[in-house]
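Peer 1: Model the full structure from these sequences, guided by the hints.
Chain order of the listed sequences is A and B.
For the first sequence, this note's numbering assigns the number 1 to the initial residue and increments by one for each residue that follows.
For the second sequence, this note's numbering assigns the number 1 to the initial residue and increments by one for each residue that follows.
Keep in mind that the hints were calculated from the coordinates and are not lab data.
A quick note: this is a predicted structure, and the numbers were derived from the prediction, not measured.
All C-beta atoms in this analysis are idealised placements derived from N, C-alpha and C, irrespective of residue type, glycine included.
Among the hints, erroneous ones may be present.
[As the list claims (entries may be wrong)] Here are the in silico distance ranges between beta carbons for each label pair:
(1) A:221 to B:191: 47 to 55 Å
(2) A:48 to B:200: 53 to 61 Å
(3) B:32 to A:160: 53 to 61 Å
(4) A:276 to B:150: 46 to 54 Å
(5) A:302 to B:110: 54 to 62 Å
(6) A:165 to B:14: 31 to 39 Å
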Amino acid sequence: MTHILVIAEHAGGKLNPATAKCVTCASQISDATVDVAVFAAQADALAAEAAQIAGVNRVLKIEDAANAEPLAALLAPQVVSLAQKYSHVFGPSTTFGKDLMPRVAALLGVGQLSDIMAVEASHRFRRPIYAGNAIITVEAPADRKVVATVRTASFQAAGGAGSAPIEAVDVTAELPSHTRFISRSAAATGRPDLQTAARVVSGGRALGSAENFKVIYSLADKLGAPVGASRAAVDAGYAANDLQVGQTGKIISPELYIAVGISGAIQHLTGIKDARTIVAINKDAEAPIFEVADIGLVGDLFAILPELEKALG
Amino acid sequence: MSKILVGLKRVVDYNVRVRVKPDGSGVVTEGVKMSINPFDEIALEEALRIKEKGGASEVIVASIGPAETQQQLRTGLAMGADRAILVQSEQALEPLSAARVFLKLIEKESPQIVLLGKQGIDDDNNQTGQMLAALWNRPQATFASKIELDGTLARVTREVDAGLETIEVDLPAVLTTDLRLNEPRYVKLPEIMKAKKKPLETLALGDLGVDVAAQFKTLNYAPPPSRQKGIMVKDVPELLATLKQKGLVQ
Numbered sequence: 001m002t003h004i005l006v007i008a009e010h011a012g013g014k015l016n017p018a019t020a021k022c023v024t025c026a027s028q029i030s031d032a033t034v035d036v037a038v039f040a041a042q043a044d045a046l047a048a049e050a051a052q053i054a055g056v057n058r059v060l061k062i063e064d065a066a067n068a069e070p071l072a073a074l075l076a077p078q079v080v081s082l083a084q085k086y087s088h089v090f091g092p093s094t095t096f097g098k099d100l101m102p103r104v105a106a107l108l109g110v111g112q113l114s115d116i117m118a119v120e121a122s123h124r125f126r127r128p129i130y131a132g133n134a135i136i137t138v139e140a141p142a143d144r145k146v147v148a149t150v151r152t153a154s155f156q157a158a159g160g161a162g163s164a165p166i167e168a169v170d171v172t173a174e175l176p177s178h179t180r181f182i183s184r185s186a187a188a189t190g191r192p193d194l195q196t197a198a199r200v201v202s203g204g205r206a207l208g209s210a211e212n213f214k215v216i217y218s219l220a221d222k223l224g225a226p227v228g229a230s231r232a233a234v235d236a237g238y239a240a241n242d243l244q245v246g247q248t249g250k251i252i253s254p255e256l257y258i259a260v261g262i263s264g265a266i267q268h269l270t271g272i273k274d275a276r277t278i279v280a281i282n283k284d285a286e287a288p289i290f291e292v293a294d295i296g297l298v299g300d301l302f303a304i305l306p307e308l309e310k311a312l313g
Numbered sequence: 001m002s003k004i005l006v007g008l009k010r011v012v013d014y015n016v017r018v019r020v021k022p023d024g025s026g027v028v029t030e031g032v033k034m035s036i037n038p039f040d041e042i043a044l045e046e047a048l049r050i051k052e053k054g055g056a057s058e059v060i061v062a063s064i065g066p067a068e069t070q071q072q073l074r075t076g077l078a079m080g081a082d083r084a085i086l087v088q089s090e091q092a093l094e095p096l097s098a099a100r101v102f103l104k105l106i107e108k109e110s111p112q113i114v115l116l117g118k119q120g121i122d123d124d125n126n127q128t129g130q131m132l133a134a135l136w137n138r139p140q141a142t143f144a145s146k147i148e149l150d151g152t153l154a155r156v157t158r159e160v161d162a163g164l165e166t167i168e169v170d171l172p173a174v175l176t177t178d179l180r181l182n183e184p185r186y187v188k189l190p191e192i193m194k195a196k197k198k199p200l201e202t203l204a205l206g207d208l209g210v211d212v213a214a215q216f217k218t219l220n221y222a223p224p225p226s227r228q229k230g231i232m233v234k235d236v237p238e239l240l241a242t243l244k245q246k247g248l249v250q
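Peer 2: As structure tokens, then:
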């Protein structure tokens with residue numbers, strides 16, 4: 001039997017959909033029982049939410065004031081203490097999971113697999129390297145725990161029809177005091193989340209200024225979409241860092257991705273390859289973005305966007 | 001005064017389009033330009049700025065790799081590092097092994113800060129800094145976009161999915177860099193000449209007494225699935241018609 005522990009990610013009293021995607025990934029391993037661990041200061045509502053994820057066997061609730069903020073240095077020893085009963089420990093390949101899971105793995109004395117994009121067997125997975133320019137099949141040792149992050153863009157969120165039992169768990173772990181949370185500045189955009197939205201509109205360097213970037217927001221509003229940006233646009237200060245899509249930013253998989261004034265560097269393309277339909281609008285017909293676009297339109301974005309917005313009614 | 005230890009990884013240059021070998025045994029690296037991992041270059045730049053502001057007395061760059069890695073370390077010295085350590089290894093190490101090697105260097109040098117890039121752009125693992133912090137039993141502040149030192153602690157602003165997060169860590173600590181921490185300086189020719197005289201120590205991996213056995217087996221390398229060839233539309237009405245036909249807009 002394979003026993004998998006999924007570490008839930010949450011913020012603002014809600015589970016991150018990445019959690020249900022990790023459950024999907026874990027459930028693809030045959031014979032697996034999948035438990036979800038919720039670390040929080042107050043975990044009742046979160047645990048109830050996790051219990052509804054289809055395929056979950058059991059929800060472990062670890063309530064501690066120290067878990068109010070997701071600090072890897074504090075969470076890792078608690079995860080390690082739970083991990084003893086499991087063959088696999090999965091977390092999402094978000095900044096939360098990327099921060100936490102390697103620390104967990106090192107404490108357990110095992111390597112870690114990053115960005116699982118496909119499950120081949122209980123100890124065999126596929127993952128991207130070189131910004132997605134190569135996909136490797138990796139085998140983990142059968143006699144050790146598998147600690148991994150799950151590339152959330154590769155998996156659909158498990159449904160919400162489950163009713164798993166919830167269990168409050170006390171963990172015995174010494175928590176360090178050397179790491180302290182100070183603050184978080186979240187851009188409260190009122191828009192859907194970039195990583196889960198069905199439609200995304202992104203802008204690149206060709207926008208030319210933060211002021212001009214407003215045309216991207218305007219089209220996004222029309223479509224009920226969040227806004228993304230290329231690294232060039234973020235570096236130039238046209239858009240905030242949390243909008244960056246690509247190898248080192250967010251990896252997304254919307255139904256519709258509209259890339260506006262983005263040339264299409266490899267590092268950006270790796271973040272959008274899982275989009276169902278990619279639309280590229282760029283004045284340079286030779287831009288590499290057109291090599292991956294499903295629908296391309298060559299022209300001046302400052303003329304095209306207002307026209308498109310108007311046509312959308 | 002305190003030391004900063006910076007990790008520099010030798011990787012295929014950022015601008016190279018990496019290709020998988022036809023037999024699936026790896027990626028083509030022969031004759032390909034190699035460079036310092038861009039995130040590590042940012043780590044070194046930050047270390048140099050800290051030293052220039054009086055926050056450290058020495059910046060040491062260290063790498064694990066074949067003899068040719070001296071090129072990247074010399075570049076690091078030309079940027080301004082004081083000395084370099086090469087742990088010579090023909091085999092590529094997994095992040096846990098690399099972290100164990102760096103722990104040895106920490107024991108040798110007792111740095112106040114270890115600065116690493118958040119990920120290598122070759123394996124895209126994003127693990128070594130976190131693992132090192134765990135093995136060292138010290139704090140980690142990953143994906144840093146701003147680092148402020150305040151006596152025995154560091155306040156680090158981190159790039160997280162939700163925006164920016166600030167945490168405070170006691171030193172010594174491991175910090176890993178994100179893209180917008182700084183813009184690395186260009187190396188000037190006189191610095192390259194000067195760098196040739198700076199100390200570069202070579203250690204044999206085998207002499208460190210570290211378990212570096214690989215845990216994972218890579219069975220196959222494959223190119224990514226290619227997307228179906230798209231279509232070009234001539235104007236907005238045609239774009240809209242295509243999107244409607246696909247049911248993507250109302």
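Peer 1: Against this structure, judge whether each hint is valid.
Peer 2: These are the hints, each one checked on the structure:
1. A hinted range of 47 to 55 Å for the beta carbons of residue 221 (chain A) and residue 191 (chain B) is consistent with their spacing of about 50 Å.
2. Distance hint check for residue 48 (chain A) and residue 200 (chain B): the Cβ-Cβ separation is about 58 Å, which falls inside the suggested range of 53 to 61 Å.
3. Here the CB-CB span from residue 32 (chain B) to residue 160 (chain A) is close to 47 Å, at odds with the stated 53 to 61 Å.
4. Taking the beta carbon of each, residue 276 (chain A) and residue 150 (chain B) are about 48 Å apart, inside 46 to 54 Å as hinted.
5. Residue 302 (chain A) and residue 110 (chain B) have their C-beta atoms about 57 Å apart, which keeps the hinted 54 to 62 Å range intact.
6. For the pair residue 165 (chain A) and residue 14 (chain B), the beta carbons lie near 49 Å from each other, so the given range of 31 to 39 Å is not met.
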